[in-house]
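Using our numbering, you'd call the opening residue of the sequence shown number 676 and step up by one each time.
Treat the hints as calculated values from the structure; they're not laboratory data. Predicted model, so just to flag it, every value in this text is computed and none were measured. Careful: at least some of the hints might be erroneous.
Ranges between beta-carbon positions, derived for each pair [as the list claims (entries may be wrong)]: (1) Glu-772 <-> Gln-734: 25 to 31 Å; (2) Glu-685 <-> Ala-799: 27 to 33 Å; (3) Ala-760 <-> Tyr-677: 40 to 46 Å; (4) Thr-682 <-> Val-745: 33 to 39 Å; (5) Thr-682 <-> Asp-733: 17 to 23 Å; (6) Val-679 <-> Gln-787: 31 to 37 Å; (7) Ser-741 <-> Glu-685: 28 to 34 Å; (8) Pro-697 <-> Ser-741: 38 to 44 Å; (9) Gly-767 <-> Lys-739: 33 to 39 Å.
When the alpha-carbon atoms are kept at most 20 Å apart in a straight line, the in silico SDA-like pairs for lysine to any residue are as follows [to be verified]: (10) Lys-739 <-> Pro-729; (11) Lys-739 <-> Leu-719; (12) Lys-739 <-> Gly-728.
Just so you know, even glycine gets a beta-carbon here, dropped at the ideal spot from N, CA and C.
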Amino acid sequence: GYQVPQTWPELVALTSQVAQDPPDGSVTPWCLGLASPDAGEEWLAEAVLQLSGPVAYDQWATGKDSLDSVDADTALGELDSLLLADGHVPGGRQAAESATMQDAAAQLREGQCLMLYAPSSVEALFPVGSVSDDGASSQPEETASAAGAAGAGDVLSTFLTPSGGQDEETAYLVGASMLVSVSGS
Numbered sequence: 676g677y678q679v680p681q682t683w684p685e686l687v688a689l690t691s692q693v694a695q696d697p698p699d700g701s702v703t704p705w706c707l708g709l710a711s712p713d714a715g716e717e718w719l720a721e722a723v724l725q726l727s728g729p730v731a732y733d734q735w736a737t738g739k740d741s742l743d744s745v746d747a748d749t750a751l752g753e754l755d756s757l758l759l760a761d762g763h764v765p766g767g768r769q770a771a772e773s774a775t776m777q778d779a780a781a782q783l784r785e786g787q788c789l790m791l792y793a794p795s796s797v798e799a800l801f802p803v804g805s806v807s808d809d810g811a812s813s814q815p816e817e818t819a820s821a822a823g824a825a826g827a828g829d830v831l832s833t834f835l836t837p838s839g840g841q842d843e844e845t846a847y848l849v850g851a852s853m854l855v856s857v858s859g860s
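Make a model of the complete structure from these sequences and hints.
Encoded structure:
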């Protein structure tokens, strides 16, 4: 199975691995609904934070740096490679640009893609009873890490992981304030 990435480089590596795994290209790494308000902005904010750090993120998020700053431009280039490369989203770039978050959630449920980065409200798009709290906590640890953390805890990422030989697959929704799982429906 796949491991939930802990760093941006691990996310990039996982994306590449998933893109190469199905020989027929039937499953893509990402579900993406860029037609939904704020979807691109959420991705850009995360990329600026992960690639340039919390100081650059704060400068960009508060408007002290322009939208086309070097950090934002670098982040956009990385996002293009991560998300919109051939075989990375169902239907390709044009489909992602016209897809809504509802479309992206449906693609995940249908098994067309394995990962979804979305606002926490995406839980409402999954069948009743398919989302459950697994008791995980993302409370601060006693030891600090070098990785910066920022945000309101209102974004989560979804990772569909193979069941290890069982019939069902499970999607893990990973957010700053929760870890829940979505069982196949």
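Consistency of the hints with the structure:
Separation of Glu-772 from Gln-734 is about 28 Å and conforms to the stated range, judged on CB atoms against 25 to 31 Å. For Glu-685 and Ala-799, the hinted distance range of 27 to 33 Å is satisfied, since their beta carbons lie about 29 Å from each other. For Ala-760 and Tyr-677, the Cβ-Cβ distance of about 18 Å falls outside the hinted range of 40 to 46 Å, so the restraint is violated. Here the CB-CB span from Thr-682 to Val-745 is close to 22 Å, at odds with the stated 33 to 39 Å.
Under the hint 17 to 23 Å, the C-beta atoms of Thr-682 and Asp-733, about 20 Å apart, fit the expected range. Between Val-679 and Gln-787 the C-beta distance comes to about 20 Å, which lies outside the given range of 31 to 37 Å. Between Ser-741 and Glu-685 the C-beta distance comes to about 30 Å, which sits within the given range of 28 to 34 Å. At about 40 Å, the CB distance of Pro-697 to Ser-741 agrees with the hint of 38 to 44 Å.
At about 36 Å, the CB distance of Gly-767 to Lys-739 agrees with the hint of 33 to 39 Å. Between Lys-739 and Pro-729, the direct Cα distance comes to roughly 13 Å. Compliance with the 20 Å bound is thereby established for this hinted pair. For the proposed pair Lys-739 and Leu-719, the alpha carbon gap of about 16 Å is at most 20 Å, so the pair holds. Proximity of Lys-739 to Gly-728 is assessed by CA-CA distance (about 15 Å); at most 20 Å being required, the pair is judged to hold.
Of the numbered hints stated above, those contradicted by the structure are hints 3, 4 and 6, listed in ascending order.
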